[in-house]
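Heads up: the sequence shown at position 162 corresponds to 162 in the numbering used here, and the numbers run straight through without jumps.
Note that these hints are calculated values from the structure, not bench results. Certain hints may be false.
Calculated pairs, DSBU-like style, for lysine-lysine (alpha carbon to alpha carbon, straight line, at most 35 Å) [to be verified]:
1) Lys-14 / Lys-124
2) Lys-14 / Lys-47
3) Lys-47 / Lys-118
4) Lys-101 / Lys-47
5) Lys-101 / Lys-184
6) Lys-187 / Lys-250
7) Lys-49 / Lys-118
8) Lys-124 / Lys-47
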Amino acid sequence: EYRRVTVDRFEDGKIYVSSTGVQRSSRLMSLHRADGLLVLPQATPSKQKALAGESYTLLLTFETHVRGAIKAVKVKESKHLGTKPKTGSRIRVIHLAASTKSSQSPPSLRALDAEIEKSLSGSKSGSAQIVATQLFARDATSVDEMYQSIVDPGIPSEFVIVVCSTTPGSLPIQLDTCSHLRIKLTKISDAIAQKIRQGAAAAEPTAALYEVVVGFAAASDESTLNGSMVICLSDRGTGGGLGNVRGLLKHSLNVARGKAHNAHH
Numbered sequence: 001e002y003r004r005v006t007v008d009r010f011e012d013g014k015i016y017v018s019s020t021g022v023q024r025s026s027r028l029m030s031l032h033r034a035d036g037l038l039v040l041p042q043a044t045p046s047k048q049k050a051l052a053g054e055s056y057t058l059l060l061t062f063e064t065h066v067r068g069a070i071k072a073v074k075v076k077e078s079k080h081l082g083t084k085p086k087t088g089s090r091i092r093v094i095h096l097a098a099s100t101k102s103s104q105s106p107p108s109l110r111a112l113d114a115e116i117e118k119s120l121s122g123s124k125s126g127s128a129q130i131v132a133t134q135l136f137a138r139d140a141t142s143v144d145e146m147y148q149s150i151v152d153p154g155i156p157s158e159f160v161i162v163v164c165s166t167t168p169g170s171l172p173i174q175l176d177t178c179s180h181l182r183i184k185l186t187k188i189s190d191a192i193a194q195k196i197r198q199g200a201a202a203a204e205p206t207a208a209l210y211e212v213v214v215g216f217a218a219a220s221d222e223s224t225l226n227g228s229m230v231i232c233l234s235d236r237g238t239g240g241g242l243g244n245v246r247g248l249l250k251h252s253l254n255v256a257r258g259k260a261h262n263a264h265h
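Take these sequences, add in the hints, and give me the full structure.
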């Protein structure tokens, strides 16, 4: 807790302060009168409150009569700011069109890529970065050929997002693609797929017509640690669908890769 305080006096190298009173956010006058913020640690079962005469860190917010009398102290670490940067995710995006004639224009694909990056980035999950983008058409490429690109160890990534373009007559092709991927992928997660479908449908109701498949693909060198989580979905409500499971994906990938994880209670 950061408690608003006023400086009373400075004696023997110590600053003595008093609380400004009620600490509600609506009490702006107490903030206006404060000389600084007293940093109080979180309460524990054995220590429930701060007592008069105890010493705590003081953050001076205004010039006071004691500022020049004390030695400046630099805060090297902060539990609030954190000292460990967030690790982002590397993403590969595969745009799958029903045919070469129905492929989306480059500006449309770039906008969709930006939506994917935004939906998978967060304060806890870190920034997502697309490291490779590929374009396939089902009339020229089989699902087997596309899958070989997914498991290519030369393009390392944590997640592979297969986005199926929705054009007139593309629904059967998207369903067939998902059916084939379901056979090839391991550790299928229908629960995550359902949450993606719900999020996509919330953003674009027609997304509920299209299938979603989530599973794990080990790299072609059979290294589980280099494998990727694969998500196949339509281009309708893509951001809403992926954003709905952003907090689950890293944990699911670690489980699929067989990495140990910490349980939080």
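Holds or violated: Lys-124 to Lys-47, with C-alpha atoms at most 35 Å apart: 30 Å, holds
Given pair status - Lys-47, Lys-101, alpha carbons within 35 Å: 70 Å, violated
Lys-14 paired with Lys-124 [C-alpha distance capped at 35 Å]: 39 Å, violated
Holds or violated: Lys-101 to Lys-184, with C-alpha atoms at most 35 Å apart: With a Cα-Cα distance of about 27 Å, the restraint between Lys-101 and Lys-184 holds, given a limit of 35 Å.
Given hint Lys-47 paired with Lys-14 - CA-CA distance at most 35 Å: 23 Å, holds
Satisfaction of hint between Lys-118 and Lys-47, Cα-Cα up to 35 Å: Violated, at about 43 Å.
Hinted pair Lys-49 and Lys-118, Cα distance within 35 Å: 42 Å, violated
Pair hint outcome, Lys-187 versus Lys-250 [Cα-Cα no greater than 35 Å]: 15 Å, holds
The structure shown violates the earlier hints numbered 1, 3, 4, 7.
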